[in-house]
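Respectively, the protein sequence lines represent chains A and B.
Numbering-wise (the UniProt record's numbering), the first sequence opens with residue 1 and increments by one.
Numbering-wise (the UniProt record's numbering), the second sequence opens with residue 1 and increments by one.
Read the hints as simulated data drawn from the structure, not as lab findings.
Where hints are given, some of them may not hold.
With a straight-line Cα cutoff of 20 Å, these simulated PhoX-like cross-link-like pairs (lysine-lysine) come out [unchecked claim]:
{"hint": "1", "chain 1": "B", "residue 1": "Lys-3", "chain 2": "A", "residue 2": "Lys-260"}
{"hint": "2", "chain 1": "A", "residue 1": "Lys-260", "chain 2": "B", "residue 2": "Lys-121"}
{"hint": "3", "chain 1": "A", "residue 1": "Lys-120", "chain 2": "B", "residue 2": "Lys-3"}
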Amino acid sequence: MNRFEILKKNKWRYISFIIGFLLLVSPFALLIRLEFWITGNLAEPSIHYACLRMPIGWIFRGAVNYLISRPEMTAFIIGVLGLSLFLGPIFCGWLCPVGAVSEAISRIIPLPNKFRIHIKDTNITSALRYGFFAGYITIYILIGLKLSGDWIGSICCRFCASTILQNLAAGIFGWLLPTYGSIEYWGTASIIVLISWLIIGGIFTYGGRGWCLFFCPLGAFSNLLYKVGAKLGFYRITYNKDKCSHCKKCNLVCPMWAIKSDHSVETALCINCKECVNICPTGALTMKWGKENATK
Amino acid sequence: MNKKVVIAFLFMFLLTISTGVYGVILSNTEPTLFWFAVPAGNITEPKVLRGPGPPINLTPIKVDIDRFTPLKKFFNPNVVEIGTHWIYNYGKKPVILRIELINCTLPVKWDVSANFPFDEKTHTFTKPLMPGQRIDGLVFHWIFEIPPELMNKPIIYQGGVKLIDANTGEVLTFIPIEIVRGELMRGGS
């Protein structure tokens with residue numbers, strides 16, 4: 001199946017990516033704009049008000065005052081996490097502009113796959129992903145316990161792909177509409193993030209989701225909840241080994257390296273993007289509700 | 001458990017912790033965010049202002065571009081960002097705040113967003129900031145672009161920021177700002 005056929009089969013997902021961008025990224029930021037309009041907030045809407053990182057840190061450091069004082073951020077994160085329990089990480093797979101942009105760049109740039117990073121062992125990929133998540137929450141627990149001192153700090157704002165996306169969007173669309181963000185300033189951390197997110201994580205990573213796999217706390221947390229939800233019988237991907245022809249097409253299209261060696265799907269990595277479901281010629285991979293065949 | 005899995009987990013855990021440590025190092029070499037409060041007078045040395053909110057660390061701002069990392073020096077050496085998310089009124093009366101950057105001949109972009117009315121022409125928060133309150137949802141950045149002919153000067157910018165009561169013209173707080181080459185820097189983020 002060529003790229004055009006894949007594009008056609010997954011057209012709703014790619015349209016959804018554009019919608020996600022329009023909903024969250026300034027100068028559009030339509031969702032944030034709507035919320036600010038309702039609440040009378042005068043700030044310039046941008047993706048920062050749907051922060052993908054800080055509220056997770058606040059949860060783990062027990063910063064209830066922050067969670068209360070930024071209700072828009074708290075509501076957004078709880079919404080995404082709640083959806084992940086019942087519907088899987090559909091925000092990651094269908095709406096997140098940070099993941100969408102790096103995935104799109106990976107698909108657009110025709111780099112041969114032999115030059116791209118691809119770990120085929122889902123256990124190792126999961127270990128790397130949750131090693132990051134454990135480190136991320138450890139930092140916040142240390143901050144919450146006031147043990148961070150001057151030797152360790154939060155990695156939220158300084159190392160933030162959303163900021164880079166917002167600044168790039170300001171550079172691209174700033175002439176069109178007043179926008180938040182600025183493309184002029186690049187600090188060391190923002191250069192490191194740009195390289196990790198778009199160049200290594202996008203162009204040089206198979207599927208273009210390197211940042212999502214290894215550096216996104218919301219993605220990791222969402223997948224933990226998806227794993228629980230799948231066990232409870234909520235909306236999930238299921239694999240029927242009797243129908244599988246072992247053609248490995250699912251392996252080729254999965255942007256999250258979630259297909260195991262036996263062709264079943266690792267729910268700690270899968271973002272319910274349905275690329276594998278759409279390409280599977282035998283219907284071995286399907287989406288299901290209900291307790292029947294719930295993942296063990 | 002598979003040894004490779006344990007190694008992968010620990011590798012990423014330690015990399016993340018190291019990133020947190022590196023972030024602190026970076027905040028010393030590339031400070032961008034500072035706390036502001038009124039009335040604090042002339043800040044000639046680091047000072048802690050106490051009030052109804054958190055203690056506010058006020059400090060003269062000095063950015064030494066020689067201390068930038070090689071990555072910053074290579075890609076974007078001539079742009080310096082200084083800003084704040086926190087402007088508090090620790091005085092006893094409401095104040096309409098005007099912000100003035102003094103002695104600045106460098107091209108500087110004001111990037112301001114807040115849940116508080118701000119007049120971009122006069123650089124004034126047009127609503128009174130009540131005692132004990134802070135400007136809600138503030139994102140405030142100055143982006144200084146250093147022209148090539150100034151890049152090798154020992155002092156690139158020497159001035160500061162005045163936080164002024166717009167009604168009376170009284171300077172409530174003055175924080176010196178310097179952008180230099182080759183001096184140790186004070187301040188933090």
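Practice prompt. Quick one: which hint numbers does this structure break? Sort them smallest to largest.
Written response: Hint 2 is the one this structure does not satisfy, whereas the remaining hints hold.
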